[in-house]
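Next come the chains, spelled out residue by residue.
There are 2 protein chains.
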Amino acid sequence: MKAYLISIGDELLIGQTINTNVAYIGKLVSENNISIVKSSVIGDNLNIILEELDYAITKGDLIIITGGLGPTRDDITRNAILKYFNTELVVNPDVLEDIKSMLNRRGREIKKTHEDQAMVPKIAEVIRNENGTAPGYWIEWNNKIFVVTPGVPYEMKAMMDNFVIPKLVEKMGKPSEFIKKLTLQTTGIPESLLSDRLGNLDELLQGAEIAFLPSEYGVRLRITVKSDDEEKAKNLLLEIEQKIRSKVGRYIFGRDDETLELVIGRLLKERDLRIATAESCTGGGLSDRITNISGSSSYFERGVVSYSNAAKVELLKVDEDLIKEKGAVSQEVAMQMAEGIKSVSGADIGISLTGIMGPYGASTNKPVGTVYIGYCDDKVCTAKKFQFGEDRILNKRRSTQAAMEILRRNILGIPLDD
Amino acid sequence: MKAYLISIGDELLIGQTINTNVAYIGKLVSENNISIVKSSVIGDNLNIILEELDYAITKGDLIIITGGLGPTRDDITRNAILKYFNTELVVNPDVLEDIKSMLNRRGREIKKTHEDQAMVPKIAEVIRNENGTAPGYWIEWNNKIFVVTPGVPYEMKAMMDNFVIPKLVEKMGKPSEFIKKLTLQTTGIPESLLSDRLGNLDELLQGAEIAFLPSEYGVRLRITVKSDDEEKAKNLLLEIEQKIRSKVGRYIFGRDDETLELVIGRLLKERDLRIATAESCTGGGLSDRITNISGSSSYFERGVVSYSNAAKVELLKVDEDLIKEKGAVSQEVAMQMAEGIKSVSGADIGISLTGIMGPYGASTNKPVGTVYIGYCDDKVCTAKKFQFGEDRILNKRRSTQAAMEILRRNILGIPLDD
Numbered sequence: 061m062k063a064y065l066i067s068i069g070d071e072l073l074i075g076q077t078i079n080t081n082v083a084y085i086g087k088l089v090s091e092n093n094i095s096i097v098k099s100s101v102i103g104d105n106l107n108i109i110l111e112e113l114d115y116a117i118t119k120g121d122l123i124i125i126t127g128g129l130g131p132t133r134d135d136i137t138r139n140a141i142l143k144y145f146n147t148e149l150v151v152n153p154d155v156l157e158d159i160k161s162m163l164n165r166r167g168r169e170i171k172k173t174h175e176d177q178a179m180v181p182k183i184a185e186v187i188r189n190e191n192g193t194a195p196g197y198w199i200e201w202n203n204k205i206f207v208v209t210p211g212v213p214y215e216m217k218a219m220m221d222n223f224v225i226p227k228l229v230e231k232m233g234k235p236s237e238f239i240k241k242l243t244l245q246t247t248g249i250p251e252s253l254l255s256d257r258l259g260n261l262d263e264l265l266q267g268a269e270i271a272f273l274p275s276e277y278g279v280r281l282r283i284t285v286k287s288d289d290e291e292k293a294k295n296l297l298l299e300i301e302q303k304i305r306s307k308v309g310r311y312i313f314g315r316d317d318e319t320l321e322l323v324i325g326r327l328l329k330e331r332d333l334r335i336a337t338a339e340s341c342t343g344g345g346l347s348d349r350i351t352n353i354s355g356s357s358s359y360f361e362r363g364v365v366s367y368s369n370a371a372k373v374e375l376l377k378v379d380e381d382l383i384k385e386k387g388a389v390s391q392e393v394a395m396q397m398a399e400g401i402k403s404v405s406g407a408d409i410g411i412s413l414t415g416i417m418g419p420y421g422a423s424t425n426k427p428v429g430t431v432y433i434g435y436c437d438d439k440v441c442t443a444k445k446f447q448f449g450e451d452r453i454l455n456k457r458r459s460t461q462a463a464m465e466i467l468r469r470n471i472l473g474i475p476l477d478d
Numbered sequence: 061m062k063a064y065l066i067s068i069g070d071e072l073l074i075g076q077t078i079n080t081n082v083a084y085i086g087k088l089v090s091e092n093n094i095s096i097v098k099s100s101v102i103g104d105n106l107n108i109i110l111e112e113l114d115y116a117i118t119k120g121d122l123i124i125i126t127g128g129l130g131p132t133r134d135d136i137t138r139n140a141i142l143k144y145f146n147t148e149l150v151v152n153p154d155v156l157e158d159i160k161s162m163l164n165r166r167g168r169e170i171k172k173t174h175e176d177q178a179m180v181p182k183i184a185e186v187i188r189n190e191n192g193t194a195p196g197y198w199i200e201w202n203n204k205i206f207v208v209t210p211g212v213p214y215e216m217k218a219m220m221d222n223f224v225i226p227k228l229v230e231k232m233g234k235p236s237e238f239i240k241k242l243t244l245q246t247t248g249i250p251e252s253l254l255s256d257r258l259g260n261l262d263e264l265l266q267g268a269e270i271a272f273l274p275s276e277y278g279v280r281l282r283i284t285v286k287s288d289d290e291e292k293a294k295n296l297l298l299e300i301e302q303k304i305r306s307k308v309g310r311y312i313f314g315r316d317d318e319t320l321e322l323v324i325g326r327l328l329k330e331r332d333l334r335i336a337t338a339e340s341c342t343g344g345g346l347s348d349r350i351t352n353i354s355g356s357s358s359y360f361e362r363g364v365v366s367y368s369n370a371a372k373v374e375l376l377k378v379d380e381d382l383i384k385e386k387g388a389v390s391q392e393v394a395m396q397m398a399e400g401i402k403s404v405s406g407a408d409i410g411i412s413l414t415g416i417m418g419p420y421g422a423s424t425n426k427p428v429g430t431v432y433i434g435y436c437d438d439k440v441c442t443a444k445k446f447q448f449g450e451d452r453i454l455n456k457r458r459s460t461q462a463a464m465e466i467l468r469r470n471i472l473g474i475p476l477d478d
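Heads up: the sequence lines are chains A and B, in that order.
Heads up, the first sequence is in the working numbering, so the first residue is 61 and it goes up one at a time.
Heads up, the second sequence is in the working numbering, so the first residue is 61 and it goes up one at a time.
Just so you know, the hints here were simulated from the structure itself, not pulled from any lab data.
Predicted, not measured: the structure shown is a model, and the values here were computed from it.
Mixed in with the good hints, there may be bad ones.
Same chains, same label: a pair holds when it works inside one copy or across any pair of copies.
[Said to hold, decoys possible] DSBU-like mimics (lysine-lysine), calculated; alpha carbons at most 35 Å apart, straight line:
(1) 217 <-> 172
(2) 307 <-> 160
(3) 426 <-> 292
(4) 119 <-> 204
(5) 172 <-> 445
(6) 227 <-> 62
(7) 160 <-> 234
(8) 444 <-> 62
(9) 241 <-> 87
(10) 119 <-> 294
(11) 87 <-> 329
(12) 303 <-> 384
(13) 444 <-> 217
(14) 62 <-> 172
(15) 445 <-> 307
With the rest of the complex left out, here is chain A:
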């Protein structure tokens, strides 16, 4: 089965909204052995939508459409569906009930705009919306499947997870070709150096495919194996993984979608260790990422965002004279921050960051992007210098990633140097 994704909304075209929906749907669909031939974004325009549907059915068997189903006047996807399938609107009593009970829970009254949301195209099977008022549609027509969902991410996600994917899996049965993918997540090594270290790729891959996916968090290596034998595909993938690990293993922090915060959470839990953070330049970005992981309260004790020097002195016991002498952005202060947060919190590990994120604040020997990351546990206390780039937000992200990688390497006893 081949999928063609269509996202509808001017806000996506003119860059007011980042299209996270296609990434979510693309991942779900491809994990379920459906290949994606193309994904398109078009504006809120009836004729363009109709034209795109005409084109999509020449490329895909499964057309997934998101966006433009809301209650307001810029939402014209439902009209496009009516016209394309030459069908009419009917009231769906289940949807009306859903809307009433949702409004009831939120203490609001039903209005004309809500009632209108219960009108759905006659040709469609309704996909109920747990998180909003607009239902989705499942339409089977001329051997093609059309799925239509609202564009609000959490509404779309629940529909895909609970209705669309289970129904697709049931429809498809067992696949004839097996596509196995594995992603190895690296950080701290540039793409070209990684490629060099892997050496001869043909030898390494034995017919498999590799993709290098760089981002501010590192380079992901995606390996794809295709075979009519599932076992064979799995084994080749394992073999390639072993070879890659033998060459660049120290840079690999996780597999597939594992984030570094997930990985360090697991490591800390397994070892029953508790950490605390002292952030200056990253402003809480590190603790924010750490606490994105459910259950992080068992290993994250506290964080301090010591933006002012007073906070560094009062909360982290950093020596005021040291700040004057070496500057707040220095190896010595980073080390004292890490030491301070460890001792004040009673955690097993203290991590600290101090740096210049830009665009202002640089000095001659400390350009924008200079960051010191401190690490202290019961045995070692160190601080390492990093030199990132010009962009404030990217610098914040790279700094939090580097801090977590330092944590990972220290916990696992992997040397910090290349």
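Using the hints provided, position chain B relative to the given structure of chain A.
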């Protein structure tokens, strides 16, 4: 001029990477009076790329292609360009020089893979890359313009900002139709209620268009006016803005791309106020957002991420017995946290958050999504309860947004209730 955007990369199709590039390009291009007809994502496949180029030129005058220009084997866009334009590779000495000096700055040696990056299609004018090794291309052909850039966001961005947009603007001259857009950013009011409060839209808009763009941060209202008279378009836009503000003004925190963190930063700076944050459930997400703003050190004093109860007691002077009696997630504790961070830091305003982000930690009368946000300044000290949803990450984001909105309304003296 009509633009057609093509993003190349399997990682975008299968959802390993969120496509932020099209949003960036879409925004830039549309701000410069170029309309975008469509945006597509296709995989790393030579034939599909060629087919897509054939299709794109039937829809657009300007084809912008990103991705697949890197140094590794999955990067096949250059090959596609060679084939499509029936051209050959030539060494570009400027690019070779750029690559050498970049590697030199980073203390690395030039290798075969780097030298290969200096080979560019003969038909192309080179777009130099300030942040990486792969150059971009500008190709004019049959009255169409093709722009090709790497997919790494910061490499693409510098090329668009410094080369592509200035060159396009110069080429286009003065527009004949003026399209003026304005976005009003609201938070704390659902889409359907907002629509109801705006009343009769035809009356309000006088021929202009409106779009409602909901997200976890609120609903944006985008108004679009088209006219052959620039002054007229501007005036109508202003008039509509005034009418909207008279109806739902209290929910509007900003215009166009202004984030709430930018707005509160400006308000604090203007009033010479300093704030400090005490976060439990959001784990530093609030201070992270506040410090995303350059210059925030002048109004953000410090933050405490009091994940453990010990941290609440030690760093924020919250009464230990109160935590036992009312629970860490309670109105009383939220208020003490805000009071505590204000007094400990000496800031003018203290903001606090405590809540249950999920998926675990709920109790009978405190379901997942329960959050208390505390606010204290020299005159008032309050805490307000919010009930968000089931998703941990969304709950964190909504909580930080709500906290900043409370800050904004308090500073401006706008009542918190609807």
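Evaluation of the provided hints:
1. Taking identical chains as interchangeable, the C-alpha atoms of residue 217 and residue 172 lie at most 35 Å apart only when both belong to the same chain, with a minimum of 27 Å there against 45 Å between chains.
2. Proximity of residue 307 to residue 160 under the C-alpha cut-off of 35 Å is restricted to the inter-copy arrangement: shortest distance 26 Å between copies versus 59 Å within a copy.
3. Within a single copy, residue 426 and residue 292 get their C-alpha atoms no closer than 53 Å, and across copies no closer than 50 Å, so neither meets the 35 Å cut-off.
4. Proximity of residue 119 and residue 204 under a CA criterion of 35 Å is satisfied in both settings, with 11 Å inside one chain copy and 26 Å between copies.
5. In this assembly of identical chains, residue 172 and residue 445 lie within 35 Å of each other by CA distance solely across copies; the values are 29 Å between and 61 Å within a copy.
6. In this homomeric assembly, residue 227 and residue 62 come within 35 Å of each other (Cα to Cα) only inside a single copy, at 15 Å, whereas the closest approach across copies is 39 Å.
7. When the C-alpha separation of residue 160 and residue 234 is checked against a cutoff of 35 Å, the pair qualifies neither within a copy, at 40 Å, nor between copies, at 52 Å.
8. When the C-alpha separation of residue 444 and residue 62 is checked against a cutoff of 35 Å, the pair qualifies neither within a copy, at 49 Å, nor between copies, at 49 Å.
9. For the identical chains of this complex, residue 241 and residue 87 are neighbours both inside a copy (12 Å) and across copies (34 Å), given an alpha-carbon limit of 35 Å.
10. When the C-alpha separation of residue 119 and residue 294 is checked against a cutoff of 35 Å, the pair qualifies only within one copy, where the shortest distance is 30 Å, while the shortest distance between copies is 43 Å.
11. Taking the shortest alpha-carbon separations for residue 87 and residue 329, only the intra-copy value of 28 Å comes in at or below 35 Å, while the best inter-copy value is 43 Å.
12. In this assembly of identical chains, residue 303 and residue 384 lie within 35 Å of each other by CA distance neither inside one copy nor across copies; the values are 50 Å within and 54 Å between.
13. Only between protomers do residue 444 and residue 217 lie at most 35 Å apart by alpha-carbon distance; the minimum there is 30 Å, versus 41 Å within a single protomer.
14. In this assembly of identical chains, residue 62 and residue 172 lie within 35 Å of each other by CA distance neither inside one copy nor across copies; the values are 39 Å within and 38 Å between.
15. Taking the closest pair of Cα atoms, residue 445 and residue 307 come within 35 Å of each other only inside a single copy of the chain (25 Å); across copies the shortest separation is 53 Å, beyond that limit.
Checked against the numbered hints above, the structure breaks hints 3, 7, 8, 12 and 14 and satisfies the rest.
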